[in-house]
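Chains as they are written, first to last, in the working numbering: chain R, 17 to 200; chain U, 744 to 1310.
Rather than coming from a laboratory, the hints here were simulated on the basis of the structure.
Careful, some of the hints might be misleading.
[As the list claims (entries may be wrong)] Here are the in silico distance ranges between beta carbons for each label pair:
1) G84/R to G915/U: 44 to 50 Å
2) R963/U to T46/R: 26 to 32 Å
3) I58/R to R963/U: 33 to 39 Å
4) P64/R to I986/U: 49 to 55 Å
5) E1107/U to N88/R: 54 to 60 Å
Quick caveat, the model's predicted, so the values are computed rather than measured.
Yeah, the Cβ is synthetic: ideal placement off N, Cα and C, and Gly gets one too.
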Amino acid sequence: MEEGSVKKEVLHESRDGRRAFLKICSVFLTSLIGIAYSIPIIRTFINPALQKTVISSSGLVEVGDIRGCKVNVPRKVAIKDSRRDAWTKYPETVIGAVWVVQQEDETFKAFSVICPHLGCGIDWDKDSGRFICPCHESYFDIKGEILSGPSPRRMDTLETDIKQGKLFVRYQKMKLGIAEKIPV
Amino acid sequence: MKWLEDRTGLKDLVKKFLDEPVEGGAKWSYVFGSALVIVFIMQIVSGVILSTGYSASATDAWGSVYYIQERTMSGWFVRGMHNVGSSAMMVLAILHITQTVIFGAYKKPRELNWISGVFMLFIILGFGLTGYLLPWDQKGFWATQVATSIMGLIPGIGDFVKGVVQGGNDYGNLTLTRFYSFHVFFLPAGLMTFMAIHLHLFRRHGVTPHWKPDESELKRKTQPFWPDQIFKDVVAAVIIFAIMSAAVWYRHGAELQSPADPSSQYMARPEWYFLFLFQLLKYFEADMEVVGAIILPTIAAVLMLAIPFLDRGESRAPAKRLPFIGGFGAALAGIVCLTLLSMVSDSRDERLLAQKEESEVMAERAIELAALGIPPSGGAAVFTNDPLYVGEQVFRQHCITCHGYQGGGGDSAPDLTAYNSRSWLKGFFRNPNAVKYYGKTQFNEMPESLMGEEDLSYLIDFLLAQSETETPVDPILREIGEAILVQEGCYNCHTYNGRGGDFAPTLDGFASDEWLRGMIEDAGQERYFGKYNTMPSFKETIGKEDMDKLVLFLQSLRSEPSLALPE
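Let the hints inform the model, and build the full structure from the sequences given.
Written out as structure tokens, the structure reads:
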């Protein structure tokens, strides 16, 4: 009688041991699939963060003829460029705009129309002779310096060049809301 | 842990889910159902990830899939797993159903287990059908048309159903948005609902054990679902995952054909698990088509749903249910046969094989060209990145008002169909003043040649050899060629190697890129037609890049005898 119950217990124990082993194996193998599968899954998911997905030319873009420009009279000109957006290649379209100002020394300055504060479009107020960002009332003078308002820095100047009577601008977007001018 | 357990009762929940006595013990033959659940979960995961990169629009779909496949880390693998996963679901579903039929598991009280399962099978087929179209490539586009056309055959309401499914009167943006929505919302919701019902019923009635052992033996052999059965399920899952991954590696993801082109002729084939239906269509012609397309499949579906009510005997032993086992076997064999018939006839179809080869080349080309960016007008426009294609556009824009081409164009300048090919040159020498050549130009100085065939052939070899400016002309050929130039009096007008007259085009570098470019830029130069020239100069009107592509296009005409002159 006693012998029998002992036998049963041993049997039970060995069965429990086997079950415990099966449990560990099941969990281990499931995790194995999980890990193996997550690697490609995660790589695919995070890919856009590691890639340039939208690409505009960072080179000099022709914005137009400089004839007819007047000193200290800002002109808003469209920046046309081709653009790559992931798989799509757009033919030349307007990707932004700049304010072009002829300086007293006949050189040209180009300001991004994007307000460094929060990215609204800066306008030229003819009457007061100031640049104004209507969203949060930042004011800038003809040289792009801050007159008043919440903008953390002056208007962003962009590199320009003149070749054969045509003005070229290196169009870039800058990080918003910070004091330094850093390209995005 | 206790804190969490007190609040959520998670342990109880898990226990509830996993603690199920498996009468008669865990078995390998039970793994297919769990395997289906696991593959379905994998499909959800890969599908959700793919959806982060997919764009359901007729212009963007192909491009976005291309981007996932070629430009995204491991994108090919994820897409490949999703694609192989659909086949895996199908295979497992067939195995699961077969197991169910053999065990008689659909019998009372499990009729609804079976019916919910059959509905899930239909939903899986729906996944395959809708997913096939989403890349908007040639095979998906054309194969899916067959399916929606079949919907149009449904008596009475066909057109309406077709319009609802494909989103309007023809394939386009709405077809994709709808198919996408079916694929990621409707069908998953349906499948999950039926899966919940199916699993609930499974838990309610328990596993259907083998038919032989009696009640007491089953009871004695009972094992817990967790971990005994789960372990087997997990091992099966590992094997399935390994096979799927290997298939994806081996095929390097899923095929992406060239973008859908509605103007092309494409013989579409569906996924392998639809081939039997496709083959069935071949046996019903014209008015009878509705029989093969709709009536027979519907009867089969109804019969399948009705099996539990037809096979009502007490015994589950297959030997005592021979008509049903036999019927199921016959149906399965019929499906396999039809599938094989379809595969065999396709593998012998010359046109299909040629198309397969061509579509592979096209797909490769499309993917190559897509690296330059896909024009906003859509995937098929990727071929406009092809310099040859652009060259042809330049040609059509600037040249075709005067020059003839493939039966069209002007006739006031030589026809350029197969320009500088052997046949073109031969015809030219025989009759340079034919309408096709200088006939309608003001230039009529070129005499007809009466030289023998053999000499003419040598002359053409010699002339065409000039186009390879990199490699010197074979000295023997050159000797023969120069002799012919002398004999035929070519030097009277043409210059070659510093010798000869100068009022006909130079033969130095004849038909080379540089020679063609110079001719197009200004045929009035001394080395071409000089004062006899009537062709406008294109130096200013065709930019450098376009000029290169135009020259490339013209050169391509030479090597394409298939573009022979129109009769």
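Consistency of the hints with the structure:
no. : hint                         : verdict
1   : G84/R to G915/U: 44 to 50 Å  : 47 Å, holds
2   : R963/U to T46/R: 26 to 32 Å  : 30 Å, holds
3   : I58/R to R963/U: 33 to 39 Å  : 47 Å, violated
4   : P64/R to I986/U: 49 to 55 Å  : 31 Å, violated
5   : E1107/U to N88/R: 54 to 60 Å : 58 Å, holds
Checked against the numbered hints above, the structure breaks hints 3 and 4 and satisfies the rest.
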